Structures are given as structure tokens and as C-alpha cells.
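Novice: With the hints as extra help, turn the sequences into a complete structure.
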Amino acid sequence: MLNYLTGYLSNTTDTPGVAGSNLWALIYILIIFAGVSGFVVLMNWGERKLLAHFQIRLGPMRVGPHGLLQPIADAVKLLTKEDVLPDGADTVIFRFAPVWVLLTAFTTMIVIPFGPQHAVTDMNIGILFMLGVSSLGVLGIIMAGWASNSHYPLLGSLRSSAQMVSYEVAMGLAIVSAVMMTSFTAGWDGAGTLSMVKIVEAQRLQGTWFIFKFFPLGFVAFAIFAIAMIAETNRAPFDLPEAESELVAGFHTEYSGLRWSFFMLAEYAGMFAVSSIATTLWLGGWLRPFPNLLAGKTWDMAFAMFPGVLVILVGFAAFYNAAKMPKHPAMKPQVVGLWVLGLVVVAVGLLMVMPPVALKISDIAWFVLKIGFFMYLYVWYRATFPRYRFDQLMKVGWKVLLPISLGVLVVTGIVGLTPELWAWMGGGR
Amino acid sequence: MVANDRDFYGDEWGERTSTVLDADELVLNMGPQHPSTHGVLRVILKLDGEKVLGTECVIGYLHRGVEKIGESRTYTMFAPYVDRMDYVAAVSNGLGYCQAVETLINVEAPPRAQYIRVILAELQRIASHQVWLGTHALDIGAMTPLFYTFRDREEILKVFEKYCGARLTTHAFRIGGCQYDTYDGFEKEVKKLCDFMEPKFGEYEELLTTNRIWVERTKGVGILNGDDCKALGVTGPVLRAAGVKWDLRKAQPYAAYPKMDFEIPVGENGDTYDRYMVRIKELHQSLRIIRQAVDSIPAGPIMAKVPKVLKPPVGEIYHSIEAPKGELGYFIVSDASLQPYRMRIRPPSFINLQALDKMVRGMLVADVVAVIGTLDIVLGEVDR
Amino acid sequence: MPEDNKANATPPSDGTQPTKTPATEAKVSSPNPPQSPANPEAKPAVAVPTTPKPAVPAGAAAAPAKPAVPPKPAGPTPQPWENEFIQRLKKVYGSGIREASTYLGQNYITVDVSIVSEILSAYRDDEAFDYLVDLTAVHYPKREKLEFEVIYILYSFAKNTRVRVKTQVANGASLPSAVEIWPTANWLEREAFDMFGIRFDGHPDLKRILLPDGWQGYPLRKDYGILQQDNAWVQGNLGIESGQ
Amino acid sequence: MKVVTLLRKVFLVDLLKGLRVTFKYQHPKEIYTEQYPLERPQIAERYRGLPRMNVNPETGETLCIACDLCAKACPEHLIVVESERDPVTKRKVMTKFTFDVSRCMFCGLCEEACSTDCLELSQDFEIATFDRNQFIFDRKRLEQGPEGTEYTR
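Residue numbers (my numbering), protein chains in the order written: chain L, 1 to 429; chain C, 1 to 384; chain G, 1 to 244; chain W, 1 to 153.
Among the hints, erroneous ones may be present.
[As the list claims (entries may be wrong)] Here are a few chain L residues that sit away from chain W, every Cβ distance over 12 Å (derived from the structure): (1) Leu23; (2) Asp83; (3) Ser150; (4) Val314; (5) Pro356; (6) Val379; (7) Leu406.
[Stated by the list, open to error] No more than 25 Å apart at the CA atoms, straight line, and that leaves these computed lysine to any residue pairs for SDA-like: (8) G:Lys207 <-> C:Leu53; (9) C:Lys219 <-> C:Glu203; (10) C:Lys305 <-> W:Asp68; (11) C:Lys191 <-> W:Glu30; (12) L:Lys399 <-> L:Phe215; (13) W:Lys9 <-> L:Leu402; (14) G:Lys142 <-> G:Arg98; (15) G:Lys145 <-> G:Ile119; (16) W:Lys72 <-> C:Gln179; (17) C:Lys358 <-> G:Lys145; (18) L:Lys399 <-> L:Gly132.
These are calculated hints, taken from the structure and not from any lab test.
Keep in mind the model is a prediction, meaning the values are calculated, not measured.
For glycine and all other residues, C-beta sits at the position ideal for the given N, C-alpha and C.
Specialist: This is the structure:
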């Protein structure tokens, strides 16, 4: 029994799913569920704060130091809110839709590789699985829009379905070009892979992230994916299904309370999922940057400690902000709270820079950092760009992204098969 | 209201006899509670999918009977009420009203007052356009310009507050001139404000003017050509964007405008993008006017000799000014009593809004929002 | 609301009662200077013989209004306004053109209601008055028959001039719609209908615009009290006395 | 020229320009928000806020001569002045003065009408109360002026 429990821990190469350890798979699932939920809470705060700073505002400031407890306050509010059921709504579907959306969003998480063995399982069709499951999410949105018996949700869900279907094509083609790159790994005999772990492995073996592979081909494919993934997750500037100024709130106009929060949760989880695809396929997944330029054990150690250092810096930022809080008796609890928070964060950071820990968790930390970069981009776009109109969105999807991704795919194949041609064109690697 | 709805939806509306799956038309009720109808405008859209087949505006949710109030207040007392019509351009409303009454009683404000009026009215034009730009961009999905424009508008409101003690509903002018003289350092502050504004306008443009999404969303949307504008009585930047070079400040100059050197920006196509460009250029022209006015502001009295108790002789006059949104006119009938016998206000927003139907037919729902934004309506003025 | 509304709300005891609010007027005008002797002469001078505009009745309303301020004893008066176009109109329509005057530099022409449509078309087509600035009405309840004055304010982009075309209609009578001539008139006529109850024949969709459809009465008529509607609503819906 | 436009389009220059503007404004020093009760705004000298009745600083007597001009000037008729004639001095003495702030639009006409600089619109802008009756300011409150609002949270 004990053997069964600890047996997996001695395994340092496989994910629990592959190793057949159901218990550890379950534990991983719980960790990921909790982790993603925690990420959503943090992202909720982070997006508001970031957006506020882009817009020369402060953002949440009153609930907790710098509004840090705001997501919790919101969660409590949403849980206690009335669950409104519109008149004439299709009750069963109306109630089921948010659950469905949430379910699909979280199901994709099981193949995300946070590290060589930090994934629930490593499927040989991993990327296909992610695409397939995440596109099922649109079904929930259509159900929500249809069941609400209201015009705005209906229009929103129709937009959403059309948008997701058309952007999935470009997205899929971009992914194929990345998958194709895996087959150029020396020693794999030209066999590519769809496994998420193996894709990162291929990047490690090839010594380059796919975003730099066949420059600019990899980069263009990445750019296409980066655009399509925004559309896929219904975020600005492609947030037509929930376009606030046109459709009020789009497909979730009629939702309230907990069910509405399911949609929010699913939206952020979806953002996490597609960002992790982008990270895995093009940004080297859990790999640290500059593997060739700054190679060696010392550099490995330095890069492993970097996330911890970053966390410590965040802690010091908390100290700085605590010192800068307005001097007012009413602010005292918040200032104290911020100091305590800073201390905790610094402690965590110190823990993370300790060499044994640092080496163990550096892959997860780098993966999360890369995802954080995408999250920042999401908010940045939202702060800057106007919203596309529906027909223009379709135009961009079908007339711009699709041809380019097709072209990239073809050219990638050609230059992959004929390295001499690539070398003659002056391309590197 | 109910009867009205029935008219529009047809008789079966109440009983729901027609099938829900009637795929031909969809009636979408936009507003009065809607994020982008700029207040309490209600637009009933008849849609085919997302294409607009027709619209009907339902207005009056903010009707306060300003014209009726005007009949029961003296001329002086009514001045604060006009501020509350177009509450983002209160100074312009007040300017129009005061000038209308001055025309009626045949009094002219002294030159210094005229200059102060021009400065404040142009500042108000900038502020009004900034509100327009922020909300219009927000309608089209760009959230951030709103905050930048409101931050910069804040500086103008601070000048208003310092000058007359109120930020929004200013009640800055009185019949016959101005109540308040400029405060110490007014000229310097206004000039500093101009220098502060110029680069900010550049930033708005950087965010929007060349942005491909903005261009696609606005070019060719809501086209209204010059003849349509004239037929529909549309004035202001909407008319100028259609290529009609007409501005009351030039056509029938008032206050100190004859002495100002400025240009009337015009567009070509009369689409939403042109209206945007015209207003952006107007921002710069306003700065130009303010700079000139501040430089050449004469000394002297700020109030003409106006009787304490105003009793204009029997007669009627119409006077209009170029408010930020178009021609704002006052038609006053006097019966030689203390109160106006009839106080008619010609609101630019009300008449411009009428063009909405023509502009959005055949467009998409998203364009309706853009067009409402580009018309720059204020419901306080539409409903009065 | 304040007391002046109450005064407004009291319906006139007889038809000749002034609809101005004597109470308020008397109150506000109390600190007036003493009566000026010049004013009585001003009155006939203002009321041009041809103008059927007894805006200032000689009756009760004028009494408190008398003490005008000295600076402009006579005040400007409407002067006759002549040009080729007016002469042509007069030739064609004869007495249909009641008056053509200019007051404080603003020109207006008063025409009979039967020919207003033709006059407006003539102005648009022959004189290039292509922009209907405003359409509004004024209520003169003390006039014998033609209680309402409907005013069209026209503007010509080419000539940069304005002109006001006025016509008079009786209560309950209607006049031709100008929507065909200027589409602007659509909402403006609806507003005039809403506020005054003036009907426009040929209007595509003549219904209330600012007020709800179930509204009783026409607010900008002089005999309309603000409180009656409020009282009726409060009593009908809440069963209590109105707090106004 | 055409080529330049095309290149700009391909390299998303228009979008990057916008991104630069928003990126620049992230700096904390650009934040424009005022944390209101903690940081108080600067109110202009001429600000028209809550009304106040001035008293003679030496004697503490009111400056009001009960001339009723403010009540007459008020467009909303929200000022009520009651007075009686002092039998000794033969002067009008104000007995009651109420100012209904809930209907006030702070146009400043009353302050302009006041012939003795008594009625004045002060710089106080914190009008909110828990009770509508508190909007009706009587003479005592007007003379005392606004009591400072203190925020505990």
C-alpha cells in the first residue's frame, strides 16, 4: 500500500497518468483545479489592477491592501446573489450551460505539462485533445444564449459560435505547423508528435524554441495563434460575444450569481489553457530561456533561482507600497496587512531560491511566468484596442489569418524537408 | 407606452401567437437601460440577423419640461435651467440663452465679456468633444481613451470651477455680460492649459486615428451626405463632416468670434471617421481661438447696463449659436411681462438624432452603437 | 413644486382670464420702479395694426406688466419688410400674405394657413431655403379664433439668411405637414403635436414624442396646469393626495 | 509612399503606436485617481456649495436685513424668509429663514441678490445626509456653517 503511494515519487520521467498511478493523477487533478482556481482569483485582481493602471486609475483599493481581498469579496457577493431565472427560459439547459462551459474549460487542463512529469497525463494526442475539448466549450455558450430566451444572449451566442468555428481553422493550421517542426528533431526519424510533453522535449532537443525556428516562419505561426487565441477566448479586441457596448453582456446577460461566476471562471480558465498551448508549442513550455547562449550548470542554477528572486522582488514592492500608503488612521489595517503580505511573499521567495527547491520547481515557475506574460498581453490589448465588428472579424479570420497560416504551413514543410534551400535563403537553424 | 409598443410589434405581441422561430425579423429593444445609448435613449431595432431593417427612437424619458419652466420664470431666473439641457456643454447653452435675451432687449455685452465668453465657450467645446471622444471610443470598444479624455477634461473643469464656482452646470454668464471677472492668473492658466492639451490630443490620435480596427469600424459607417444633412436639419460637426463648410461662428458670427482667426474643418464622405476627424481638428481650432482670445482680451467692464428687472418689449426673436453639437437656437416670444411668453429651444441633439434611422439602415447592430456615438447626442438636450 | 405652479394650475374661471400667473408676477414685480408714463404710448406702437397678435392683452395680465423700465421707452417695432420675392408672393396670393415684417433685423412673414404649404415649397425651391431650422408653435388663448401660431424658421445656406414663416390655426384645426418639404419636420411636428395638440395632415406618424402615449392634455398650452396630471396619477395609482 | 503604408500595415505599426501610449501610462505617477476621503480635493475660492449665512464677526449679529431679495431671486423658490418689524427700532427683523438644499441647483442667484453679503454659497460640498429633512437648513445651521464631515472608514 505504502509502496503504491510512494511508488510514483521515485519516478522522475513520467506523468502520473502515463505511470499508471491513479492516486497521484487524482492528487494532480486536485492541485491543478485548486491552482487554476487560485490563478483565476489572482487574475481577477490582476486584470483589474493592470487595466486600472493602463487607464491611469488605481483600481480596487478599499478591500484589503490595494484591493487584494477584492476577489474574495466578489466571490462572497456572487455566492449570495439571487440566481435569477428569466421568464420563459429553458430551465434545464439554462442551468446546465455554465456547468458545461466550466467543465470543458477545466478538462483541457489535464494535458498541460507544467514540467516533464508535472501533468496529469501525457496523451499521445495531447494537443488534439486540448483543441477538441476547448472547442466543445462553445456548445455551452450556445446553450446559454439559446436558453435565456432573450435577444441579446441569442445574438451573442450566435456571434460566439461563428467566431470560434472560424478562428479554430487558422488556429489549427498554426498548430500543425508547430507540430510539423517537432518532426525535424534529430534522432526521431522524422516522426513528429502531438504529445504536449514531447513537443517541449523536441524543442529542448533541437535547442531552440519553435517561435525562433525557421525565423520568421515560427514567429508568424505564433503570431497567428496569438491572435486566434484571443478570438477563441472571446477577449478584446475580439470580445464580440460579450460586447458590452452592443450586446450588454452577450451570452451571459441573463445570468447572475454563481452561474455567472462559472462563466467568468471558464473564461479565465480558457485563457490559461490557450496560453499554455502557446507556451508549450512556441515558447518552450517549462524550458528556461537562453539554453545555448548561457549554458552550463551555474546558469541553470541562476535561471532556476530567477523566479524566486522575482517573488522576493514582488514582496519588496509590497513593502514599498505599504510605505507609500496614504497616512490616515483608517488605512492602518491595510498598511499592516500589506507589510504582512510582503513578509509572507518574501518568505516564499526565499524558499523558492533555496537551491534544492529551486531546481525542483523551476520548470513549473518558468511555465507560469510565460503564462503570466500572455495574461499581461491579454489585458494590454483590452486596454488599447477598439472592438472589431462582426463581419470584419470574419474577414480577418478567413481572409487574413487562414491564408497566412496555410502559407506558413506549406513553407514550413518545404524548408523542413530541404534544409539546403533554407540555408541558401540565408535562414538560420 | 404600451400602446406604442403594440403599434410597433403588431397586435399579436401581447398574446405571442406568432411563432418564436419566425426567422425573418427580430425586434431588439435597445435601451433605455443600455450601456451605450448615452443616457435614456431607447431605440427599437428591427433586425434581420444582425442587419438593421429599421429603427424607431423612443425618447422623452428625461423630459423635464424646460420650455414650460421657462414660461414661469423670469429671464434671469431661467438662465440656470438651460445649463441642464446639454449638461456636458453648459457654458454654450448659457451663452446662447444670454445672447438671445440680449438680442431681445437690444443690449450688447461689453468687449471684455465677449472675450471671456469666447474663451469659456471654446474650452467648453473642447470638454464636450472630449466627452464625446471618450464615450464614442468606449462604444466602439476602446476603453482607455475615455479615461485619458476625462482626465484632460478635468483640467478644463478646474478652470470653470475657479472662474465661476461650478464645474458642470456653470451658470457662467448673465444677461448683458458676465457675472464674474477673471481671477488672478486666469490668462496664464488658460495658456498653460492649451500647451497641456496639445500633446494630449496627439495621444488620442495615436490611439485611434490610424488604428486599423478603429478605421475599419468607422470608415463608411453611417454615411450622411450634405444634402441629406440639410434636408434632415443636421448641423454641427455632422454637417461639416459631410463637406458643408458651415459654422455659425463664421456664418453669423457672434460674441468675439468675428475677431478670431480660425478655420472650419470639413470632411469629405460624411462617415463616422470623417466626423471623428472633424471633431479632432476642431479641438485644435478651439485651442487656436483660445490662444488668440487670451492674448487679445481687452480690459474694461464685463457687464452692460441691463435693468435689474427685465421686461423686454413685445416681440419675438430667434437667436442661435454654434454649440459643440450643432446649432443651438432660442426662440423667445415676449409679451412685455417679466416672464417669456414662449421659450422655444432648438436643441441640436434632438434634430441630429432624427438622422439615426437614415444612417443605420442596412448596417449592423454594432454600427448602430457607433452611429449613436458619432451623432454626439445628450439626452438631457434631446428630451429637455 | 413651488407656489407659482399652483397658480398656473388653477384653470381659468372664464375664457378671458389671463393664463399668466398674476400671483407670481405680482410677487416678483413688487420691487419695480414706479410706472413710467412712456409705456402707454409704447403699447399701440408695438401692436402693428396688421398683426393679429394680442400677445399683451389690455386686460388683467397687462396691469402688473405695465411698469416697464425707462431705458427704451418705445422699444423697437416691427418694420415692413419688402423684397422681390415677397412682392411676387403678394401678387400671387393676395391677402393670403397677412404680414411681412422685420423685427430687430429678423424677417418674418405671416401667411394664411391654406397656403402655408405652397409658401414653404416656394421658399425651398425658389429661394433656396433648404434647411428647416425649427418648427414650433405658440399658444395665444385670448385670440378669438386662431389660437395657435405655428412658426417655421428657415435658413438658406446659399444666402446665409433666416426667415420665419408664421401661420395661424384654430384649436382643433389642422394644417398641412411639412415632412414632404423637409424631413426634419417629422419630429418637430410630432413635438408640436405633443405639446400643443396641433394636428398636421399628411404626417407619416403623428403621435406623441416626448410624453408617454397615455398623457392627458397638451403641456405647452397656456391653460395647462402642471399639477392636474400629477394629481390624477397619484390619486389613481397611489390613492393618496399629491404631495405637490 | 504606398510601400511604406503597406509595411506599416504588415508590421502593425498602427497597433503598436496605441500599445505604446497605454504602456507609457502604466507608470504609477500617472495615476489620476484621488482617494477621496483620504485625499481631499482643492476647492476653488468661488465654489458654489452649501449655503451659509454670515454674521457680524464682532457682535455675532446676523447680517440679514430680511429684505427677501434672495427668496425672490431664487428660481426654485426654496428660500423662505419670515420677518417682523421690531417695534423699537422700526427695522425689519428676520424671524425665520429656511433654505431647502435638496432643491437647490447652486446657481448662485441668491448670493448675487443679497445686498448685505449675508447669504453666501460656501466651499462645502459634502451634502449627503441620511434624512431628507436634514436638507432643509434653518437659520442656526446656516449661521453655524457646515460641520466637518469625518469619515471613519
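Novice: Name the hints, by number, that the structure is in violation of.
Specialist: 6 and 17
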